[in-house]
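Hey, can you work out the whole structure from these sequences and the hints?
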Amino acid sequence: MSIEINHISKAFGSTKVLHDISLDIPSGEMVALLGPSGSGKTTLLRIIAGLESQTQGALSFHGKDVTRLHARDRQVGFVFQHYALFRHMTVFDNIAFGLTVLPRRQRPGAAATRQKVMQLLEMVQLAHLANRYPAQLSGGQKQRVALARALAVEPQILLLDEPFGALDAQVRKELRRWLRQLHEELKFTSVFVTHDQEEAMEVADSVVVMSQGHIEQIGSPQDVWREPATRFVLEFLGEVNRFDGQVQGSQFSVGGQRWPLGYTPAWQEQVDLFLRPWEVDVSRQQAPDTPLAARVIEASPKGHFWQLQLQPQGWDAEPFSVVFDGSQTAPLRGETLYVGLKQARVYHGETPLRQVAFAQSA
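Taking numbering that gives the first Met the number 0, I'd label the letters of the sequence shown as residues 0 to 361.
Taking CB as the label site, the calculated pair distances span:
#, residue 1, residue 2, range
1, Gln211, Pro25, 25 to 31 Å
2, Arg353, Pro25, 30 to 36 Å
3, Gln221, Met117, 35 to 41 Å
4, Arg283, Gln250, 23 to 29 Å
5, Arg353, His18, 28 to 34 Å
6, Arg353, Gly333, 34 to 40 Å
7, His194, Asn130, 31 to 37 Å
For the record, the hints were derived by calculation from the structure and aren't laboratory data. What you are looking at is a predicted structure, and each value in this text was computed from that prediction instead of being measured. Here a beta-carbon is modelled for each residue, glycine too, at the ideal position from N, C-alpha and C.
Here it is in structure tokens:
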């Protein structure tokens, strides 16, 4: 079941929370709505579900206009962050609930209901807990029950609002893998809201990055990571260092050192330079390609590398993050290292300049 969102806007009173959103979601795709708090992602999800109405625009499922269709008639399953399980019902009865309240002509009999619920319990690996109550379950088990309940009515579309946000890191990781495997088996169309970048990158086929009620970028996890469309996406996804720089002719100046750009930009003044931690050269020796001194203020082992926080020495910049070869002697807090620039994205305000790869400093 595909989803077509056409020029949807939403306002609460005088506050506009969605601005002319258009988005097509193909059948069978898992899409992440990713963004910080206040970006409008949950409001958009609730509009798809029919739990909120848009101020403007139209919504279609597989070409059928559902803009004014009641939530109960949209064949949508919804999984809430905090499970929303019925405390007085067993696991079995929670999952069966949606089947028992279907219109009489669609409602399965007791035997068919039991068979369906037991199939779902097997699928979510909780058959042995059918007679337990929510208070007797772990957070991860509750979320699986909530997902099974949403799937019981065989929805055409599954919507999930930060489904793993209330769980600890290890359980989140396990459930992400499990959800992705389940999606591969059942091939339902699903949309989930998250502010967790790792979750979006690991689980989704496509990522929709949102900010302040606007869509910043739509693309595969690889595309939005490698080719951010806007400065917001670049700064929001992953860790990135920002340095103030100056373009002078065909050279770029940071911390009093110059690097050749290989071309002469049209903009010849102050710019912002963005580098991922691994785009910074690091050495224990000062050299033409590592001319800038920086002191280690934090050192965290990450397996085959060290994640370092460095404080510039003798040049003006905020502390920044780099990676350091784990095969070398462990860096010490307070030790002086030397850094240089490998490659970077350059912005003047919100306007991107050409991405540059640096040779050694000039």
